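Q: So you can see what is in the structure, the chains are spelled out below.
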Amino acid sequence: MSVMPGVVAINTFREAVRDRVLYNLVFFGLMMMGAAILVGQVSIGINRLVIINLGLSAISVIGLVMAVFIGVGLIYREMEKRTLYSLLARPVRRWEFLAGKYAGLLLTLLVNTSFMTIGLAVALYYVGRPFVRADLTALVAIYFILLELALVTAIALFFSCFSSPMLSTLFTLAVYVTGIFAGDIRDFGALTKSPAVQAFTRVLYYLVPNFHNFNAIAAAGHGERVPLALIWQNTLYAIVYASVVLVAASAVFGRRNLK
Amino acid sequence: MATAAIEIENLTKDYPTGFWRKRMRRSLDHLSLRVEEGEVFGFLGPNGAGKTTTLKLLMRLIFPTEGTARIRGRSIDDVSMHAEIGYLPEQPYFYDHLTARELLDYYARFSGFGRAERKRRVTRYLELVGIAAAADVQLRKFSKGMLQRVGIAQAILHEPKVIFLDEPMSGLDPIGRREVRDVILDLKRQGRTVFFSTHILSDAEMLCDRVAVLVGGKLQGTGAPGEIVAIDVQAMEVFFEMPDGSSVPGALAQQATQTGARYRIEVGEAGLYASLDRLRDAGARILSVTPVRPTLEEYFLQLVGREGAAPHAVEVVTR
Amino acid sequence: MNPTTSSRSLWKAPVAIPLLLAAAAFLQSRIDAQTRSEAVQKEELLVRSGTLLKKLSLGYDPLLADIYWTRVVQYYGSRIGERDAHFDLLAPLLNITTTLDPHLVVAYRFGAIFLSEPKPAGAGRTDLAVDLVKRGIAANPGEWRLNYDLGVLYYWRLKDYHDAAAAFLAASNQPNAPYVMLKLAAAGIAQKGGSIETSRMIFAELYESTNDPKVRKTALKELRALKAQEDEIQLDKVIQQYEKLFGRKATSMLDLVNARLLPGVPLDPAGIPYVIGPDGKCRLNPKSPIGAPER
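Protein chains in written order, with this note's numbering: chain A, 1 to 259; chain B, 1 to 319; chain C, 1 to 295.
Okay, chain A solo, but in the shape it has when bound (with noise of 0.2 Å):
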C-alpha cells in the first residue's frame, strides 16, 4: 500500500493547524460555557435537552463550515500557487495526491470535532445531570455528522479540482441542501399527476447524497436509541457516495492541465 497519501495528509493536518484553523475551538467552548450558565439561570425545564441541541447543532455547523470553507480551497489553491509544480515532479500519482489532501483534511475534522464533543460533556456534567445511558445517542449523532462531513468533503474537493473557491462554495452548498430536501423533491414529484416528473425527482432522490439520513440531533435529545442497522448502513452509504465522488474527482485533476 502506498505510504504517500499517508505524508500528503499529515502534511495537510499541519498546514490546518498552523493556519489557525482550530482557533474555533475557543469560539465553541466559550458559547457552549456561555450556554450552560445561562441555561442554568433560566430555568425553563428542559436544560440538558438545550445544551444537547445547541452542542449537536454548533458541531455539525462548525464541522460544515470547516468542511466547505477548506475543501474547496484544498486542490485549487495548489493549482493556483503551483506549490503542485515541483510536488508533481515527484514520484506520487495525482489520485495518491487527492487521497492525501482528503485525509487530510478529515483528520482536521475528526481532531476539532473530538474536541467539541469534550466541551459538549463538560457543559453536560455542569448543567448537572450526570451521564446516562441515554447521552450514548448524543456520540452517535456525532458520529453521524463526521459521515456527513466526510461525504461534503469530497463534494467540495471535487469542485476545487475545477471551479474558483467562491464558486465551488456556492456548488458545494446546493448540493448539501438538495440532499437535506431530497426526500421533499421526491414526495413532491409523487404528488404530481406527470409521470415524467415523477420519474425525474425519483432518479435525482437516489442521484443526490441525501443528507436528511444522518441528522440524529433530535434523537439524541431526547435520549432515543438508534438502531443499529442504520449505523450500519449509513456508514456504508457514505463510504459508498464519497467513493464515487472521490472517483470522479481523481478523474478530473487526473487529466488536467496545470497552468
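Hints may contain errors.
Among the chain C residues that face chain A by a calculated CB cut under 7 Å, a handful are [to be verified]:
no.	residue
1	Leu58
2	Gly59
3	Tyr60
4	Pro62
5	Leu63
6	His103
7	Val106
8	Asp255
Coverage of chain B stretches by chain A, computed from C-beta distances (three or more under 8 Å per stretch; other residues unrestricted) [said to hold, decoys possible]:
no.	stretch
9	25 to 39
10	107 to 117
11	193 to 202
In silico lysine-lysine, BS3-like type, Cα no more than 25 Å apart, as pairs [unchecked claim]:
no.	chain 1	residue 1	chain 2	residue 2
12	C	Lys227	C	Lys217
13	C	Lys244	C	Lys217
14	C	Lys237	C	Lys217
15	B	Lys22	A	Lys259
16	C	Lys159	C	Lys183
17	B	Lys218	A	Lys259
18	A	Lys193	C	Lys55
19	C	Lys217	C	Lys119
20	A	Lys81	B	Lys218
21	A	Lys81	B	Lys141
22	C	Lys119	C	Lys159
23	C	Lys134	C	Lys249
24	A	Lys259	B	Lys144
Derived by calculation from the structure, the hints in this document are not laboratory data.
Quantities reported herein were computed from a predicted structural model and do not represent experimental measurements.
Cβ atoms here follow ideal geometry from the backbone N, Cα and C, with glycine treated the same way.
Fit chains B and C to the given chain A structure using the hints.
A: Just chains B and C, lined up with the frame of chain A:
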C-alpha cells in the same frame, strides 16, 4: 546505442484560445530532441518560445497534444520514473507555512528515506545552496533569491540522475549565479544529466556541452555552443595603431573604430590579406589578428529577427 | 509628517470610538422608548407554519424548537400579571414548537394548563388545549402524563366525566404510569362524576408529576381550594351540632370554640380563619387568597 537520458519525439502542445476556446494556439511544434547521459544541455530561447511548456510536458504537469518522450528509457507516463529526476520550476513557490527545513524534509519523504537519512540530506543540501542560516525560517519570509535556492535544493537532494532546471539563475545576484553554476558543474562531475532552460546566453555558453534553440515553439537547431555560432561566416578582427601624423587609409577608415590610440576593424576572411597589406602600406602597426566569433546572442537576435517581430507561438503562462 | 501632527492623530481613534458607541447606545434607547410609548406592543409572529420552519431549519429543528419554547415561556411570563393581558399568540407559538420537536413533552403540558386557563391568567381556549394535547399523545404514545393532562382537561375544565375517565384509564395502561392512582381516578370519576377526593388525587398527581413552577402553583391553588371546600363541609357539620345542642345558630367560630366543639379557631390552608356567613354556613374569610375551586 546507449539509452539516452532524455528522448523527445514530436512533442506538440496546442492551447485552446479565443472566447469559445475553439481556436488553437500552437505553443510547441513537433519538438524532437535527444540528450545523452552525463550531458549538460542548455535549452535556449526568448521568452514565450515554449521552453517552460516543454518542461511542464516532461513533468506531466500538462499533457501533449501529440508526441511522446522518454526519460532514461522510461515513458513520461511512468510516475515511478520521477524517483530518478529532479525539477526546479520557473519562479518556484512552496508551502508558505513551512520552514525551509520542513519543506525539504517533506519532499524527502516522497523518496522514501528514513528519518536519519532525511535529516542528513536536508542539512547537507541546505548548506550546499547556502540557506543553512535561514533553515528554520518560514518560507513566507524568504526573498525570491532564497526561494530559488530552496528550489534547487529540493531538486537535487534525492540525488536524481536527471535534473531539470527552468531558469535556474533567475532572481539571483551574481554571487548566487556563480554558486548555481558551480552546482551544475558539480552535478556534471558526478555524472548526472542536467537539462536547463535559460535566456541568458553567456551562462549557456559557459556551462553547456550542447544547446538547443527554440523560437516560436519550433526547434531552430541543436549542437555544441561553438557549432551553432559557427554557422555564420566568421570575420576577422584586426587591432592596429597608426603612427603619429598618419591616418587610416581611406576605404578602411569608415569601418574602423577608435579607442585612444588603438583602432579596430572587422574584415571578412576573403579580404583579410588585402586589408592587412593596405594597412602596412599606410604605416600601421598591426597588434593582433583574431577571428570574430559571433556570440550566441547575435545568433539569437538574427533568428528572432528572421522569424519576424513577434514569435509565432505564444507561451501561455499566466502570472 | 512632523512629530506633533502624528501624536495628535494617534489618540483620535481610541477617543472617538467609545464616544460614538455611547452615542449610538443612547440613540437606541431613545428609539426603544419611542416605539414603546406608541400603541401596545405589536405582537408579531411572522411565520406561523411550523412545517415551513421545520423545512427551513435545514435539519436543525430541535434547536429551533428550543428557541421557540424559550419564546413561549418568555411570552407568557412577560404578560402574566398585566391587567388586560391576552395570550393570542400562545397557541401558534406552541404549535410551532411542537411541530419542530414533536417530542417536547413540556410544551404540550404547558399548553394543556395555560391554554385552557381562563383569562387573565391564560388564553381561555380549552378547545385549543385539547387539540394540542391530543397531538402530543399521537406523537408520544408511551407518555402517560399527556393522557393524564387530557384527563385533567376533560374533568376540570370541560366537566366531561366520560372522556375524562377514558383518558385516565388510557394513562394507567401506559409504561411507568402510577397504575393504581389512575385506575382509582378513572373509577371515581365514572362513578360519581366528580368528587372532592378524586379532584384532590388528580391535582396532587399533577403537582408531583411536573417540574414547571407555574403549573405547580396552579395545582397547589386548586388543592388548597379543594381542602378548604372539604373543611367547610366538616365545619358545617360542627355548626349543625352546635345548633342541635344550644338551640340557636352560631354566629361566629368563637361560639364553637367556647362550646368546646373545636379545639381552636379553624384556619384555612392559607392560615386565615374561617368565618360563619350570614346564612349560618361556614365559609372562607373574604380576606383569604384562596378562592373557590374552579367550577
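Q: Straight-line Cα separation of Lys159/C and Lys183/C no greater than 25 Å?
A: holds, 19 Å
Q: Would the hint linking Lys244/C and Lys217/C be met if the CA-CA limit is 25 Å?
A: Violated, at about 41 Å.
Q: May I ask you to test the interface hint for His103/C with respect to chain A, counting a Cβ-Cβ separation under 7 Å as satisfied?
A: Constraint on His103/C satisfied, holds at 5 Å.
Q: Count residues of the stretch 193 to 202 of chain B with a Cβ under 8 Å from any Cβ of chain A, then say if the count reaches three.
A: violated (count 0)
Q: Could you grab the alpha-carbon distance between Lys81/A and Lys218/B and see if it respects the 25 Å cut-off?
A: violated, 29 Å
Q: Starting from Lys218/B, check that the Cα of Lys259/A is at most 25 Å away, please.
A: Measuring from Cα to Cα gives roughly 21 Å; hence the hint holds.
Q: Tell me whether the statement that chain A covers the stretch 25 to 39 of chain B is true, taking a Cβ distance below 8 Å and needing three residues at minimum.
A: violated (count 0)
Q: Have a go at the Val106/C hint: is there a Cβ in chain A nearer than 7 Å to its own Cβ?
A: With a closest approach of 5 Å, the Val106/C hint holds.
Q: Is the Cα-Cα distance between Lys227/C and Lys217/C 25 Å or less?
A: holds, 15 Å
Q: Using the nearest Cβ pair, does Pro62/C come within less than 7 Å of chain A?
A: With a closest approach of 4 Å, the Pro62/C hint holds.
Q: Can we keep the Gly59/C interface hint, with Cβ of chain A closer than 7 Å?
A: holds, 5 Å
Q: Need the status of pair Lys134/C, Lys249/C: alpha-carbon distance at most 25 Å?
A: Violated - the C-alpha atoms of Lys249/C and Lys134/C are around 52 Å apart, more than 25 Å.
Violation of the numbered hints given earlier is confined to hints 8, 9, 11, 13, 14, 20, 23; the remaining hints are satisfied by the structure.
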